[in-house]
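Model the full assembly from the supplied sequences, consistent with the hints where possible.
Heads up: the protein sequence lines correspond to chains A and B, in order.
Okay, so the first sequence: first residue is 1 according to our numbering, each after it adds one.
Okay, so the second sequence: first residue is 1 according to our numbering, each after it adds one.
In case anyone wonders, no lab produced these hints; they're calculated from the structure.
A couple of the hints might just be wrong.
If you want the footprint, here are the derived chain A segments under chain B, 3+ residues with CB under 8 angstroms [said to hold, decoys possible]:
#, stretch
1, 66-73
2, 151-160
3, 231-243
4, 261-271
5, 313-325
Calculated Cβ distances over 12 angstroms to all of chain A for the following chain B residues [unchecked claim]:
#, residue
6, Asp-59
7, Leu-112
8, Arg-130
9, Asp-314
Residues from chain A that keep clear of chain B, each with C-beta distances beyond 12 angstroms, as calculated [as the list claims (entries may be wrong)]:
#, residue
10, Phe-49
11, Leu-57
12, Thr-124
13, Trp-335
14, Val-364
All C-beta atoms, glycine included, are put in the ideal place defined by N, C-alpha and C.
So you can see what is in the structure, the chains are spelled out below.
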Amino acid sequence: MTPQASYQSEAQPLDAPLAPQKSRWEEFWLLFKRNRLAVAGMVIFALFFITAIGGLLLTSGVDPVLDPSLVRLQEKMQPPLTQPNLDSLSPGQAPYLGTYLLGTDELGRDVFARMLQGAWVSLTVGFVAVGISVLIGIFLGGIAGYYGQNHIRLDHLLLTGTLIGGAVMIAVGRITWGSGLLVFGSAYLLFLFFQSQRQIESLPPSIQIRTFTIDTLIMRLVDIMLCFPTFFLILTVVALLPASIYNIMVVIGLTSWMGTTRFVRAEFLSLREQDFVAAARALGVGDLRIIFRHMMPNAVAPVLVSATIGIASAILTEAGLSFLGFGVPPPHATWGNILSDGQNYIFDAPWLTFIPGIAILIVVLAFNLFGEGLREVLNPKLRER
Amino acid sequence: MISFIGRSIVQKTVTLFFVSVVSFLIIYLAPGKPSQIDPMNPKFTPEMVERFRKQFHLDEPLHVQYLLFYRDLFTGRTVSWKDNQPVLGKIWDRFLNSLPLFIVGTILTWTLSFPVGIRSAIFRGSTFDRGSTFVAYFLISIPGFFFAYLLIILVVTQLHVPVIGMQTFGLGDTSPVHMVMDRIWHLVIPSVLGATGGIAVLSRYVRGQMLEVEGQDYVRTARAKGLPSEEVHYRHALRNALLPFVTMFGLILPGLIGGSVIIESIFSWPGMGRMAYEAILARDYPIILTVNFLSAVLVLIGTFVSDVLYMAVDPRIRL
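As structure tokens, then:
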């Protein structure tokens, strides 16, 4: 072995790319577990998830194990942990666990079963509403941040107006006018397509003049949405629409995407100037791949944090709506309407108020603490101090 | 400066126009008609419905209704569909009822959150800091209506003071002192409840600002020249940490008209929030739309004021 070769063989490990000592997840976990409140929040979050899914399995179906809507008038308003009086109950009415774990309400329904049923409602409302708002937020924020500097042309604007106007007119009932507008719009769309294929001459520039930017459009939309008093708007829409849990999820989602849009836009504006994006573009990587593979993973941290906290506030909003009597129609239990029914018996049966109240408090607190813990770990600036 | 103000007024007027269109469309395109609110009521004959529709222009096309509605709003002639009272007058009455809640709540928020936030920033990591952090999260997370019941139970069973409504019913000719105390007791719990969320959020924000400023070089310099720590904290750090809060004076404006629906319905407080809630239940569109419009106006004025204030306080910002 020549000296040269031995030198090289020793140097080899140094030249080879060094993998980080710890993976990204290990490092994340090391930082995260120092914040004990956040870890507690995460554990409660996991427990809540399991409870809600278990609750769905146990309380739904034709013959559920724990029937949340079984009325036992002879056993009404029993405090938690009372034994049922088996003489007065028919065999099918006895609680599954042999005791009313959380008592019964004013109709003798098992509060434990109702709480389990309500957990699923809270969970789905939180996740679906935040899912909707995050999707809208990432989409609009991404467009505003990445394509924002492009201008919208006047003819595009007129085209959109024509198409929407036509659709509205057909919906209102003026079929002739509406279809006329739609046909005209589609004809122009076809014309634009051929124009982009360079097969025909372009129009005089006066109609294809550039107006405002896409960024302006989206950010003004955000401003408009921020003008509405959120809870009032949700209340109005939910009251006007037929009562259903899906309406609530969609409405909460549609009124809470503005923060995410702003975060994502700000992140994208700074990311698109960075070298790795320029490198990807120089390699000829397509826009969609740059957005979703290169930029999104770097922009997703603040979105994740605001989503966690958004789930907490969506659960609170749903509880508030149920409390006011909107939301899920009655036989179905949610934590908000258990509490709202229980308030009438606050001195005789305080557990009807306290059990759902404390459950909401704990779950929302867990989400908030978990979210704040994430924020601290994911944001290096906060971490150091 | 002038050009900024001009641009921003134009921009905000355009925003307001779109807000008015969107809220109008949301309300009018929702399923159900206001004239069908009570189909089982025998007094509601088809002729009545027809007259009702004519009186409130419900038989016109949508864009005409829109124009008529906002023309009426700006000339102050909008009337409630429920009782034919002028909407602006009704809102003004309820606004006066909500105002004490708003004022007391705001004072509580601003006077409590600053000391708490500053102290937990100065003694970072201390028991006080960790305690106040947890309490802040607790207050953010507790559902308002549940907290309201906790306080009601506490106050009614321990202090034996009345809490529901704006004043005790039938208190006719007692002494003025008694009357005033009665009003104050009724005011306390709803305004404390209204302030809790604000205190929690604002004190966290004050703490964050203060920590950021305490990490700056000029604070280290001040400490290095041997200034007493009070002077460093309050003269050097605090003054700079307060800057962003000047802008928040503008942002509390929208709270003037919101009122809390939930708190006002629990305490039977005849304020804005409850009026809006009743209007929603009765499909009283003029009131819903007017409240919405006014609150959008206040949001826009609030952001405008805060922009201008920020320019006035911070010489680095020249928009």
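Q: Grab the minimum beta-carbon distance between Trp-335/A and chain B and tell me whether it stays above 12 angstroms.
A: violated (9 angstroms)
Q. Within the assertion that chain B covers the stretch 261-271 of chain A, do at least three residues meet a Cβ-to-Cβ distance smaller than 8 angstroms?
A. violated (count 0)
**Q.** Coverage assertion for the stretch 66-73 of chain A with respect to chain B, Cβ distance below 8 angstroms, three residues required
**A.** The restraint on the stretch 66-73 of chain A is violated, since only 0 of its residues have a Cβ under 8 angstroms from chain B and three are required.
Q | Separation of Asp-59/B from chain A, once the least beta-carbon distance is taken, above 12 angstroms | A | holds (14 angstroms)
Q: Over 12 angstroms to the closest beta carbon of chain A is the bar; see if Asp-314/B clears it.
A: holds (20 angstroms)
Q | Leu-57/A and chain B, when compared Cβ to Cβ, separated by more than 12 angstroms | A | holds (27 angstroms)
Q. Under a C-beta cut-off of less than 8 angstroms, do 3 or more residues of the stretch 313-325 of chain A approach chain B closely enough to confirm the stated coverage?
A. This one holds; 5 residues, not fewer than the three required, reach chain B with a Cβ under 8 angstroms.
Q. Beyond 12 angstroms from chain B, beta-carbon-wise, is Thr-124/A?
A. It holds; Thr-124/A is separated from chain B by about 18 angstroms at its closest Cβ, greater than 12 angstroms.
Q. For the stretch 231-243 of chain A, do three or more residues have a beta carbon lying closer than 8 angstroms to a beta carbon of chain B?
A. Since three or more residues must qualify, the claim that chain B covers the stretch 231-243 of chain A holds, with 10 doing so at under 8 angstroms.
Q | Given coverage of the stretch 151-160 of chain A by chain B, tested with a Cβ cutoff of 8 angstroms and a minimum of 3 residues | A | violated (count 0)
Q. Would you say Phe-49/A is clear of chain B, with no C-beta pair closer than or equal to 12 angstroms?
A. holds (18 angstroms)
Q) Are all C-beta atoms of chain A more than 12 angstroms from that of Leu-112/B? A) holds (20 angstroms)
Checked against the numbered hints given earlier, this structure breaks hints 1, 2, 4, 8, 13, 14; the rest are met.
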